[in-house]
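Can you join these two chains into the complex? Each is in its own frame, and there are hints to help.
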Amino acid sequence: MTEKSTYDAASLPDLLPIYYKKLFPYGLYYRWLNYGGVPKSYFTNREFSFTLKDDVYIRYQSFADQQEMEKEIQKRCPYKIDIGAVFSHKPKDHKTVKAAAFQAQEKELVFDIDMTDYDDVRTCCSGADICEKCWPLMQIAVKILDRALEEDFGFEHRLWVYSGRRGVHCWVCDETARKLSQNGRTAVAEYLSLVKGGEHQNKKISLDTTRLHPFISQSLEIVKARFYDYAVKKQDFLGDEENHKKVLSLITDETLRTELEKNFTSKEYEENTSKTAWAVLRKHVETKKSEANYKGSKYVLEEIMLQYCYPRLDVNVSKGVNHLLKSPFCVHPKTGRVCVPIDPKKIDEFDPMAVPTISDILEELNSVEKEDSNKKTKEFNKTSLKECTQVFERFVKKLEETWKGKGKMIEQSDMTMEF
Amino acid sequence: MLIGSRTKRPKNSKLIKSGAEHRLQIYKVPPKETVTLQEFEEYAVERLKVLKAIENAGIRHIRGSEDYNHLVEKEIKKTKLAKIIRTDYSTDCEEFMIDHISHFILRLAYCRSEDLKRWFLQQELDLFRFRFLKENAEDKQKFLKVNSLDYNPISEDEKQRVLQDLMASAGRNSTTADTNEYFKVPFTEVLDLVRGRKVFLSRGFAYVPKDDMISILITHYRAHLSQQLAMTSRALPQLEEDNRLLPMLSGLSKRYLGQDYSSKKSNVGKITAEMIDSLSKQSFPPCMQNLHQSMKRDHHLKHGGRMQYGLFLKGIGLSLEEALRFWRTEFTKAMDGDKFDKQYSYNIRHNYGKEGKRADYTPYSCNKIIMSNAPGPGDNHGCPFRHTDADLLAQKLRLQGISKDFTDKIMKYTRDGHYQIACKYYFDATHSGVEEPDVNINHPNQYFDESQHFYSGKKE
Numbered sequence: 005m006t007e008k009s010t011y012d013a014a015s016l017p018d019l020l021p022i023y024y025k026k027l028f029p030y031g032l033y034y035r036w037l038n039y040g041g042v043p044k045s046y047f048t049n050r051e052f053s054f055t056l057k058d059d060v061y062i063r064y065q066s067f068a069d070q071q072e073m074e075k076e077i078q079k080r081c082p083y084k085i086d087i088g089a090v091f092s093h094k095p096k097d098h099k100t101v102k103a104a105a106f107q108a109q110e111k112e113l114v115f116d117i118d119m120t121d122y123d124d125v126r127t128c129c130s131g132a133d134i135c136e137k138c139w140p141l142m143q144i145a146v147k148i149l150d151r152a153l154e155e156d157f158g159f160e161h162r163l164w165v166y167s168g169r170r171g172v173h174c175w176v177c178d179e180t181a182r183k184l185s186q187n188g189r190t191a192v193a194e195y196l197s198l199v200k201g202g203e204h205q206n207k208k209i210s211l212d213t214t215r216l217h218p219f220i221s222q223s224l225e226i227v228k229a230r231f232y233d234y235a236v237k238k239q240d241f242l243g244d245e246e247n248h249k250k251v252l253s254l255i256t257d258e259t260l261r262t263e264l265e266k267n268f269t270s271k272e273y274e275e276n277t278s279k280t281a282w283a284v285l286r287k288h289v290e291t292k293k294s295e296a297n298y299k300g301s302k303y304v305l306e307e308i309m310l311q312y313c314y315p316r317l318d319v320n321v322s323k324g325v326n327h328l329l330k331s332p333f334c335v336h337p338k339t340g341r342v343c344v345p346i347d348p349k350k351i352d353e354f355d356p357m358a359v360p361t362i363s364d365i366l367e368e369l370n371s372v373e374k375e376d377s378n379k380k381t382k383e384f385n386k387t388s389l390k391e392c393t394q395v396f397e398r399f400v401k402k403l404e405e406t407w408k409g410k411g412k413m414i415e416q417s418d419m420t421m422e423f
Numbered sequence: 016m017l018i019g020s021r022t023k024r025p026k027n028s029k030l031i032k033s034g035a036e037h038r039l040q041i042y043k044v045p046p047k048e049t050v051t052l053q054e055f056e057e058y059a060v061e062r063l064k065v066l067k068a069i070e071n072a073g074i075r076h077i078r079g080s081e082d083y084n085h086l087v088e089k090e091i092k093k094t095k096l097a098k099i100i101r102t103d104y105s106t107d108c109e110e111f112m113i114d115h116i117s118h119f120i121l122r123l124a125y126c127r128s129e130d131l132k133r134w135f136l137q138q139e140l141d142l143f144r145f146r147f148l149k150e151n152a153e154d155k156q157k158f159l160k161v162n163s164l165d166y167n168p169i170s171e172d173e174k175q176r177v178l179q180d181l182m183a184s185a186g187r188n189s190t191t192a193d194t195n196e197y198f199k200v201p202f203t204e205v206l207d208l209v210r211g212r213k214v215f216l217s218r219g220f221a222y223v224p225k226d227d228m229i230s231i232l233i234t235h236y237r238a239h240l241s242q243q244l245a246m247t248s249r250a251l252p253q254l255e256e257d258n259r260l261l262p263m264l265s266g267l268s269k270r271y272l273g274q275d276y277s278s279k280k281s282n283v284g285k286i287t288a289e290m291i292d293s294l295s296k297q298s299f300p301p302c303m304q305n306l307h308q309s310m311k312r313d314h315h316l317k318h319g320g321r322m323q324y325g326l327f328l329k330g331i332g333l334s335l336e337e338a339l340r341f342w343r344t345e346f347t348k349a350m351d352g353d354k355f356d357k358q359y360s361y362n363i364r365h366n367y368g369k370e371g372k373r374a375d376y377t378p379y380s381c382n383k384i385i386m387s388n389a390p391g392p393g394d395n396h397g398c399p400f401r402h403t404d405a406d407l408l409a410q411k412l413r414l415q416g417i418s419k420d421f422t423d424k425i426m427k428y429t430r431d432g433h434y435q436i437a438c439k440y441y442f443d444a445t446h447s448g449v450e451e452p453d454v455n456i457n458h459p460n461q462y463f464d465e466s467q468h469f470y471s472g473k474k475e
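Heads up: the sequence lines are chains B and H, in that order. Here the working numbering is used: position 146 in the first sequence is 150, and no number is missing along the way. Here the working numbering is used: position 237 in the second sequence is 252, and no number is missing along the way.
No wet-lab data here; the hints were simulated from the structure. Since the structure is predicted, the reported quantities are computational estimates derived from the model, not experimental observations. Watch out, some of these pointers could steer you wrong.
Stated by the list, open to error - Footprint (simulated), chain B over chain H, 3 or more residues, beta carbon under 8 Å:
hint : region
1    : 173 to 184
2    : 207 to 216
3    : 388 to 395
4    : 422 to 436
Every residue gets a Cβ at the ideal spot worked out from N, C-alpha and C, and that includes glycine.
Isolated chain H (complex conformation) (with noise of 0.2 Å):
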């Protein structure tokens, strides 16, 4: 891709033959056209739009759900790229060039850390999954052989004998095994359906209906965004030479995906260790509140609810040397000074970036809390909303004194899966006055960053 002057192409003169056979791509080719430097931010900016509304639709409805749709099609309508939920353009406009070469611009901007990358991996998969499954199903064979993915379903006799089990795993739609036609692949090409348990496996192969073969695609189609990602990110330096375009990269991560909360100069040093315990019954959220009474319960925390609530502190202001005395003051309480320095201490110092390959490790947001790295037994990390039992939340609120409303908005938020929600009306339940109703909380370090905002505006 070739990046122009600033100079803006006319816009009648946008028929590109792209050469495309299918207006759905998992992007294997790098676009060959010149754009200006504008375009170049614009069709970017245009594309965050869209995926940030994929990851909006995905935190208040059901992937897949009627909800999601409508909300997902109402965003990208009012983007520039509002045909791609359509399915009838050809690949010869301008929408499905746009769309080409902005994926690729924001695999630039997105190739840059790990967080970076498993959101943009995340939302360009579940973007691709709402545009596939528009196609009918003409379309959608034809993508599976456009891109090499077509497969033979197993002979009738095979399906008699494994009968009972295809339908034992089909789950909701147990009814249709008997009349669908299923697909005999190896396990490793649907990773998503083994991982849910939502396939019938036998000696290393998944016997997948056809409905489900866009795991496939999915599989698929994440190992090599996967692979090229990195591969970008260790062509990066090249790039960095090119001073046009990267300050506009990372100012768009920034931009549209909030703070990461990562190396906070501002505020270091100005919390010590000794400050911890007012300030999480004061600003803490609900998570990082249940992680250190945990600790100071148990004078210990497993291995993640370490990282969970040390990063949150890092990224707070705690320096290293207060976590450290922070940490082991509470830990010493049960252990041996010595077992301390020796087992926990290099941990936090690997959380700062002074160990290891020293990467500087960003506070956990609450998508990644909520989605990744359940709690287990003697776990206290996670989220409250999301890792609670009902009726333990419900008490744990009245007995912080939340008033039946709130607490009734919070439980129905919960048990709808809107954990975030829940969240933040935890938040106007207890900083009584405040009223954001369009905020929404999205990370532990943000939520105490509004707590503390709110009580110095009331000192003032």
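Isolated chain B, as found in the complex (with noise of 0.2 Å):
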């Protein structure tokens, strides 16, 4: 295996035409994205926008076919595509239409986890850093999530795939989803959100019923599997005297928080360590509980975990059907990694940290095909990028299974193994 070699910005007009010519899955993308050329128009309808070098951004771009896409992205080389939404006519003709009768029609529903959104909870990192500290908040959000999304709506077809630097997106791409209206994906964001308020809201989250709904219990279990490892052993989220002072600032029961207060400056609480902090809250919060004169909040604890944890999704993405969203399989221009797909039942072994740069499965590809230039193996496959293309793969062809399931004339040559 060739060493990982440094990426360097500056590169990236040399990579890229090299990159769009031998390895991006146009054959996967265009299946996708076709969904089974039913309707016909659905692809050539679609909408695309290319950010250029030095930031030239131009939207409204659509494709005839595969071929054509193929070939306005070589020759185009993006540093970043976005996929926007099917619209009533082709986006590149769009001026020729009457303003008021060019219309979004549908899209994936998607959502948007960004780890800058969790900068009051993580004491590790901020901006657009992570690390393998604060990383597991994205692996409790997509668990979260896709389970949501699958038990709850009913979502069979979810692409989920790491944004390249700080974050994860999800596409949902069953018909239901694509043809939800602007108010049904605001609503389908709003159950899933807990965390609210802004920089003025201390406190985001409140569980203020006697039973909680079943989505929230089954997200909690999520959490709490997780949370000592993470908060306590991670974050050392009660680490010192500001961090004791922000936790407690969650709890509305005076009283409970002023004895709280008064406790970890006593005997008990020496060792200084967020294990021991976090044991001494426990059992505190517990006993006043149970006494008869407690009128404070029941989840005290879970609203903390939840505060501390729980996704924190950006509603204003994925309300709009018209909103553009960067593709998988595009190259984040500042780390240089690939925005690729990832399975969310195995999200605890995906290491973004290892995710290739582009100049690493270029690197690659030289060196394997300077072995053997004469198998018909796909590029991609020779790479490292071979197991997240597979993701893919697994991901387009069950789509394909519900096209077939209904019957649907489809051609013999888009079945075979053209990718």
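Here's what the structure looks like:
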């Protein structure tokens, strides 16, 4: 295995042409977005946008077929490709249509989880940085959301993608999802949201019903299973006085809070680690709750855990039918990493730091081709992109089953293993 | 619907056989009657009064509460549509006809922009919900049947299987979950319940208790009316030919909704970027003061903040050139001029209608700021009375030197959810000597105008 080469953003103009010529999986990509050719115009009416070198941004790109899309992408070598909605007319012709008639009609239901939205609850990084101490937040997010999308909403075709730097995206591709109105998308996103509040709202979670909705209970189970490892061990979230204050400020019952404040300076808590602090906190809360005169929240501990761990999604990304989102298999210009599909059932094995950069895979390709240029193996199968492309392939095949099942006419040639 | 001559029809010939099956409807079929121009305007105005009553009640009280219901009834009784709050009149009477016609007239007036559509849709839905909940069980059932929305309840077996989940989702009504009838419908039909997580979901189906079936109706009605409004607005250009109606229609929406502060041509150019800082301390409402301060502190605002603040500034008369100067000066304290030009200036020009579909976006009203686009992590937009923790808010008021009396009043109204009234008291507290008990704050730009008016009055 070749050593990982260091990625340099300045070399993108040289690397991208090769990437787009040899590695981008156009076949699978087209099979996905074509949705079996029903209706025929589904692919041709899809909007793509390109961000070119020097931040030049062009919208309303659309293509007649896979071939045309390949040609355009190879010609332009975009730094970033966004996928938009399927419109009423070909996006590239939108200027010839009356403004009111040119409408976004369908699009996948999408979610964007961004690590920066957790800055107020992570101690290790902030902004665009991520590390193995805060990455578990993404694992939790994927597990909670994937379960709900599948079990509560019945969505079968969910594509999770690493954004290349600090988060993950989810593309829900079921027909029901693609046909959802803005209202519908907002409803789903709000159902999935628990963390609410801007800069001036410190406490962002309140569980004030006597019984918890099954969605919340299920999500809590997932959080509870990982909380100790993440918050206590990795984040050390009660590791110093400032952090105590932060956590205690989430407790609304004054008597409980003042009591805890006193306890943290007591002898019981000499060790000064999150491990002891969390144990102390839990013990006192449980005792207090069992007292007859306790009038505070039943779910004090749960509220704290959720505020520190529960997925924070941006409703604005999900609600727009015409919202453009970065495409899978793009290269992130700042990190060089490929935006690879992730298998949500294997999220714990996924390591964002091990995602290959464009320079890595081109190196790999070089060395493999030197050894053996005869093999007819597809290029991306020669590189470390192989596994995630298989994830993508499984996703596309599962989608294709739904068109077969409906007895739609699909040409034989579409079904051969032609990627 | 035909609009006839100016002569009014004699009042006693109003027995119209509508043929409708229920006095309540979601307005699927356009009216066929003929009305005079005078009646056209009159009916529209009466319905507007009803919708305004609904809106006001919704600001002051929780929808569905006793206070809300009393207020709505009290106000609607004052209009010519008073009868619609009753559940005993037939579909052959005058009120049914006016109800029917006035809805369609207002569609014409309110389909013209996104904001108007949104407002009209919201009030019509609330009005419908209010009226439906008053009907008895039998008439409710009849309505569902008439509109092909009757569903079958789930079997007892299935109910037992998911009973625990049903009870856990029932919130306040968990004790009745056992005996209630449940219906299994695709989640897309009860979006309101889904959004509020008020219903149990499994594999795309919602288990809806009988009492909540209204949510299906609301979703259905919303989708239907939304689509109709879009169709109406596309057909509108043909209507513009009729210049009897158009002036009246556009006057209608302005008159009763108040100003929307779009394209205020009168004071464009008077405000410069330099003036904003001092103006913010003097005349900006708290929501905009907050955004201004956040921006000065962070040299940045997230998207929601840029929209809310940027459109407000446009509304007070900041020109595009001055806006670009203002944002650029502040943002480039923390970023490259280049980056600003590439990533942020487009949005500013877009707000002024110079890019994209060139829509002239209107500044957000209080209703919009409070009810939609709640701030998330890192956001500073929204309404401070709605989106700030209570003790932080009280602290901020004290720090600003607001008297204890006023602070208490403001906090009381905030706690009760009357954010716009709290804002009004904030205005009173910061503009000493002003005393207009009936003026409501409905729009940040209105706050600004009132404030400027106050100060210019003082000078005289």
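Verification of the supplied hints:
no. : hint       : result
1   : 173 to 184 : holds (count 4)
2   : 207 to 216 : holds (count 7)
3   : 388 to 395 : holds (count 8)
4   : 422 to 436 : violated (count 0)
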